[in-house]
Amino acid sequence: MILSRREALVLALGSVAAAAIPMSALASVDDAVAAFTGGAAVTDGAGVTLTAPEIAENGNTVPISVDAPGASSILVLAAGNPTPAVVTFNFGELAGAHAASTRIRLSKTQNVIAIAKLADGTFVRTSSEVKVTIGGCGG
Amino acid sequence: MANDVKPRVKVPKSAKAGEAVVVKTLISHPMESGQRKDKDGALIPRSIINRFTCDFNGKNVIDVTLEPAISTNPYIEFEAMIGEAGEFKFTWYDDDGSVYEDSKPIAIS
Numbered sequence: 000m001i002l003s004r005r006e007a008l009v010l011a012l013g014s015v016a017a018a019a020i021p022m023s024a025l026a027s028v029d030d031a032v033a034a035f036t037g038g039a040a041v042t043d044g045a046g047v048t049l050t051a052p053e054i055a056e057n058g059n060t061v062p063i064s065v066d067a068p069g070a071s072s073i074l075v076l077a078a079g080n081p082t083p084a085v086v087t088f089n090f091g092e093l094a095g096a097h098a099a100s101t102r103i104r105l106s107k108t109q110n111v112i113a114i115a116k117l118a119d120g121t122f123v124r125t126s127s128e129v130k131v132t133i134g135g136c137g138g
Numbered sequence: 000m001a002n003d004v005k006p007r008v009k010v011p012k013s014a015k016a017g018e019a020v021v022v023k024t025l026i027s028h029p030m031e032s033g034q035r036k037d038k039d040g041a042l043i044p045r046s047i048i049n050r051f052t053c054d055f056n057g058k059n060v061i062d063v064t065l066e067p068a069i070s071t072n073p074y075i076e077f078e079a080m081i082g083e084a085g086e087f088k089f090t091w092y093d094d095d096g097s098v099y100e101d102s103k104p105i106a107i108s
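Read top to bottom, the protein sequences are chains A and B.
Note that numbering that gives the first Met the number 0 has the first sequence beginning at 0, numbered continuously upward.
Note that numbering that gives the first Met the number 0 has the second sequence beginning at 0, numbered continuously upward.
Hint data in this document are derived by calculation from the structure and do not stem from the laboratory.
Possibly wrong hints are sitting among the right ones.
[As the list claims (entries may be wrong)] DSBU-like mimics (lysine-lysine), calculated; alpha carbons at most 35 Å apart, straight line: (1) A:Lys107 to B:Lys38; (2) B:Lys12 to B:Lys103; (3) A:Lys130 to B:Lys9; (4) A:Lys107 to B:Lys9; (5) B:Lys23 to A:Lys130; (6) B:Lys58 to B:Lys9; (7) B:Lys103 to B:Lys38.
[Unchecked claim] Now the stretches of chain B that chain A is said to cover, found in silico as 3 or more residues with beta-carbon under 8 Å: (8) 54–63; (9) 69–77.
Each residue gets a CB set at the ideal place from its N, CA and C atoms; glycine is no exception.
Could you put the whole structure together from the sequences, leaning on the hints where they help?
And the structure:
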């Protein structure tokens, strides 16, 4: 296949645009929040608890737990990861407590954010800084 | 795609009616994030479990959306309200379309 100069230029531009996508993902915490809340206001503080270690030696498995009494769902974000979304817990009618634990990857020292949708439809957020010694995103 | 995927679930054998029990689930899965590169510098394509659900007697307990930032061998712990004897049904959905299932009975003491 022989490329004309114009086609070659278009291809080059396209690959530049593709390479730029991971960079823009860094700024997409707000987008992820907006997608979860639908643009509703998010207040800081009471109603949601995020338990994360202060220092994580290994960013590949960082244990976290979230707890939000009465919440219908909880979104967890890692602000410094290449893609900030981490996990969304949606609680069903038989959920015993509106709490859950899991293990997550963190690429570097950063804030972990939890946003809960409470029973009355309002959103609350909390965050916790985790210091990561060895990042968990591989080479 | 992912080999040796094996779900493991820990549920108490019995519970009192109206009691919340702790359920622990683990599934062996590489959770390839799509960020890593192999030794030739090529990206290893993403291959993760993207959804996990738990139902008890047909009613939903929890529905979790997993992203690449979940660690290898995803571990999820939560609580379920037990009203009557029955069976938990656990389902994991893989990116490649595979579905892994497990179930555990629980009695009323």
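Here is how each hint holds up against the structure:
For the hint pairing lysine 107 of chain A with lysine 38 of chain B, the CA-to-CA distance comes to about 22 Å; that is within 35 Å, so the pair holds. Annotation: proposed proximity of lysine 12 of chain B to lysine 103 of chain B holds, straight-line Cα distance about 9 Å (limit 35 Å). At roughly 31 Å between alpha-carbon atoms, lysine 130 of chain A and lysine 9 of chain B fall within 35 Å of each other, so this suggested pair holds. Between the alpha carbons of lysine 107 of chain A and lysine 9 of chain B the distance comes to roughly 32 Å, so the proposed pair stays at or under 35 Å and holds.
For the given pair, lysine 23 of chain B sits about 27 Å from lysine 130 of chain A by alpha-carbon distance, which is consistent with the 35 Å threshold. With a C-alpha separation of about 19 Å, the suggested pairing of lysine 58 of chain B with lysine 9 of chain B holds against the 35 Å cut-off. With a C-alpha separation of about 42 Å, the suggested pairing of lysine 103 of chain B with lysine 38 of chain B is violated against the 35 Å cut-off. Closer than 8 Å: that is the beta-carbon criterion, and the stretch 54–63 of chain B has 8 residues meeting it against chain A, so the requirement of 3 holds.
Requiring three or more residues with a Cβ within less than 8 Å of a Cβ of chain A, the coverage given for the stretch 69–77 of chain B holds, as 8 such residues are present.
Checked against the numbered hints above, the structure violates only hint 7.
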